[in-house]
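Participant: So the chains spell out like this:
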Amino acid sequence: MQNQYLAIALAPLFGAIVAGLFGRQIGRAGAHWLTIAAVTVSTVLSLDVMRRFLFEGLEVHNETVYTWLVSGGVRFEVGFLVDKLTALMMCVVTFVSLMVHIYTIGYMKDDPGYQRFFAYISLFTFAMLMLVMANNFMQLFFGWEAVGVVSYLLIGFWYKKPTAIFANMKAFLVNRVGDFGFLLGIAAVLMTFNSLDYAEVFAAAPALSNETIELFDGKPWNLMTVTCILLFIGAMGKSAQAPLHVWLPDSMEGPTPISALIHAATMVTAGIFMVARMSPLFELTETALSVVLVIGALTAFFMGLIGLVQNDIKRVVAYSTLSQLGYMTAALGASAYSAAVFHLMTHAFFKALLFLGAGSVIIALHHKQDMQEMGGLRKYMPITYITGVVGTLALIGFPGFSGFYSKDAIISAVGHIDRAGTGLAEVLLIAGVFVTALYSFRLLYLTFHGKPRMDEETRSHVHESPWVVTLPLVLLAIPSIGIAWFTTEPLLFGDFWGDAIYVAPGNDPLSHLREIWHGPAAFALHGFVTLPVWLALGGTALATYVYLFNPALAATASKALAPLRVVLEKKYGFDELYQFLFAGGSRGMGKLFWRGGDQTVIDGLLVNGSARTVGWLAGVVRKIQTGRLYGYAFAMIIGLIGLLGLMVYRGQA
Amino acid sequence: MTIEWPVLSVLIWLPIAGGVAVLLVGERRAELARWVGLAAALATFIASLPLFGAFDRGTAEMQFQELAPWIPTFDLNYHLGVDGLSLPLILLTTFISVLVIMGAWGAIQQRVAQYLAAFLILEGLMVGVFCALDAFLFYVFFEAMLIPMFLIIGVWGGPNRVYATIKFFLYTFLGSVFMLVALIYLYLKADSAAILDLHALPLSLTEQLWIFVAFLLAFAVKIPMFPVHTWLPDAHVEAPTGGSVVLAAIMLKIGGYGFVRFSLPITPDASLSLDWLLITLSLIAVVYVGLVALVQQDMKKLIAYSSISHMGFVTLGIFIAFAILARGEGSSGAVLGVEGAMVQMLSHGFVSAALFFCVGVMYDRIHSREIADYGGVVNTMPWFATFMVLFAMANCGLPGTSGFVGEFMVILASFQANFWYAVLAGLTLILGAAYSLWLVKRVIFGEIGNKKVERLEDLNFREAVTLGSLAVAVLGFGIWPEPLVELMHVSVDNLLTHVAQSKIQVQL
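Those protein sequence lines, which keep their order, are chains A and B. This note's numbering numbers the first residue of the first sequence as 1 and each following residue consecutively. This note's numbering numbers the first residue of the second sequence as 1 and each following residue consecutively.
Calculated from the structure, these hints are not laboratory results. You may find that some hints are simply not true.
Cβ pair distances, simulated, as ranges [what the hints assert, rightly or not]: (1) B:Ile46 - A:Glu56: 48 to 56 Å; (2) B:Arg327 - A:His518: 56 to 64 Å; (3) A:Tyr66 - B:Pro50: 20 to 28 Å; (4) B:Asp364 - A:Leu215: 33 to 41 Å; (5) B:Leu205 - A:Thr600: 55 to 63 Å.
C-beta atoms are modelled at their ideal positions from N, C-alpha and C, and glycine is treated no differently.
Take these sequences, add in the hints, and give me the full structure.
Facilitator: Structure (structure tokens):
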């Protein structure tokens, strides 16, 4: 199997290298055929791995590929751990990647950087696979940062655009703040376990759950709590949890296919995956889990609110992504790792679908993204519209659609676990459902319904996108509707995961759901007697009334709620605060240290001051000798001999 | 496996002889001088390769030793040898030197032969520093090395070169004078100048402290550490491209090498009692200097400050070893720290060389080092931009590049010394990315900044080979560091066993 896993990971890398270095030679068609073929290989082989797990009882694979480094008795290795959690991630990553590759043929048709774009998205696929297939923390960190750097390259793909090259730097730096915590977490793991191998660490963890570390003198902290919180800081960066969420909305400056692939379906879910992977550690510390829970719930609700006031179609979807990532994070904090990964999977399909749908609209409108200049597109773009409706229903959790099952599981799990912060989290998550429905249908109505608001010139040219664009939409719409019908039971209630996810005895938040589960259809029906579904319907109804039947009300409401609107439009002021505090602060300190420290104190006072002293001495010496340098050397020799004499004297004494 | 010929002597004297040959060819036949120079550098590099294969990874003994009387009156010997600490640095030296000679092809048009000769002689002297086993032989190479570098900056440097050279010379010379005093004292006390004898010499704590401080002055200036670092940005700014490359890639490492070859084994107890000072200065270098790098307007200054910040990891990695050993929980973390420091030196050799070459490529075309004079270079130089982004990423420690390996090891190790050391050291992840990527943003990305950028031509063949081979080194070392790190294991273990034993003799 090792060869199959190597092929899965390396095929996209090969495609990326050839398309990147020899793009001119192989041409545009060559680049897309080659990379698509490579990703197809990965996809087919990944699906085959899943098939073997399900039907042939494939064993968990944990083997080293090569030894990266040995130091201090610790072996740092590159290797693969493939269990069902990995296999699921591999399938999601390669499938969405394949869809995005195909879609890109249409979306980037006229772009001069065509080959480069394919090289980047293939390289991303490789990095993401390395991340999910890692069997150790070092390789995890490699994949973690590698996806970050490809994200950087792709957000700044249109490198002439000032907003894009600002956004990509911001994304990388904010992610680095997360990675800073993550790396410290890895250092803590190494210190505690003297190994970075998952299997060894997880096996030894329970015995060390009461170790402490003194961060401040005399105040011992639980080492596992510290470790897990540090690791989670990494997840907050990558999965854009407040307050490290600020980069994700700006990342929309990149081309839409990568918004779907990287900033919705795969890379941003790396943090969720990581915490699920680390469940044997997180389960040892209630405190860290509470932190995870509250951060997730806060992000889910408050980022969703911002989605209500955005007019850029991609930014609405971006805030929706933040909010959904918050749901997943909250699930992790409630020990419902399987629900988190389940939502990760359903979200990957329907959110990639929504982004690619938004992209389809953007192509039709010649790269205009403002929803105020859209409207009425459903007549012109039926496939995009219908798949958009499917994505929206899945997103709001309409019973029967895939998002319903995963989101309901999360909310139910948070409601059935006893842990600090659950009360607050439950309220926020349930309220978030209403908000989700409101912004989702607002987007749908503003874009596809009502009267066309674009100029006549644009409107006359609007037409449905070519098949390379609509085919991925359709292929993503299918799992957005149906994937949960046959996956909910094994993923949430069965023993699908095996040892991949560990939940401590007594921490089983899904037990309640298991009792009332009688198949997907019954569950969907049961949904209609629960609060979240009615809130979703309420949000839908409100959006329908305001944006479809009484557009004037929107304006009135926005006036009446002006203070709230301003707060939301300012995005709670995080950007301004960070710009002032961190960007400005570090530049200010840099200037102070440079001008004040280096130039004034060190060079001015100490160096040139002593140079003046030496110069004065030399001036004295010059009365005997001539020449300045000679004077310095002379002074040195005198001093040297004096010191030497002293030392020899002292040494003998 | 042994090598039948005196390989270390060849590595010292072949480039020096090559330098003399280049001088004999003379300025009138510049083209021939270039070819002779390149041949000498290449031959030296090729001659150094058997070391990698023949080196016995299983022993901490000095290998490929050569011993001949030098000044018999004082029992000083021409004694050479390498172990796992010096071998990788020698390979780095011979590799970088080839690139520097190649890099001079187009950039240097004045006094070509003298320029090349200076670099070749410098190469021989630097190899000498790394393989000298006699303290005074080391000192002679250490000081002699200054002369060609002094000339390189002073003759081929920028407008403010006189200030920079004097500052450079005085700083390094002043530092090393104290080292000389310490060496003389040790020589008298041990009645031997063999470095290995000095390692075994028992010393009282007071003696050790004095000697430690004397060494510190020499090596701290060289590496350089805060607060004796301000000569470096000035020297870099004025130096020609090749000078900057050698300075950053190799000469700074001599400071780090000095710590592991002299300070630690000769004065282990002083190193232990002053480790807090060195750790503090290292962390200041990482954070303070990282912030200073952020606000630089001159590309070379920015890279120079970045170098100082990266060298902070070298001294940090070396001295946290003491803090970890003091915890009494085994030497695993200490090994990780010291090997991380060594790896950081090698990696910085590649990455800083590459970045200075990148600045050189732009400087050759536009004759400016100011960030503000660029912008949108990717539009006209896509291949160059690719390399520059790669090296900037390596500079901020991206996994998969060599820049990651050393920082990763040192941060992991420093957590074992103290949580807060790791926090401060880890800030480099953010600061390094901030100054590296902000540089890239302003220079490489964006619309074409001005008419000069519009006329830029992409890399020529020679530049592509230079940057390409560094890229291979940076990526290769990042993807699989073990072959190089393997060379050091036994020597580092031996060093740490040695320093763990007190040299203070109980006075009766």
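Participant: For each hint given before, does the structure comply? Return the numbers of the non-compliant ones in rising order.
Facilitator: 4, 5
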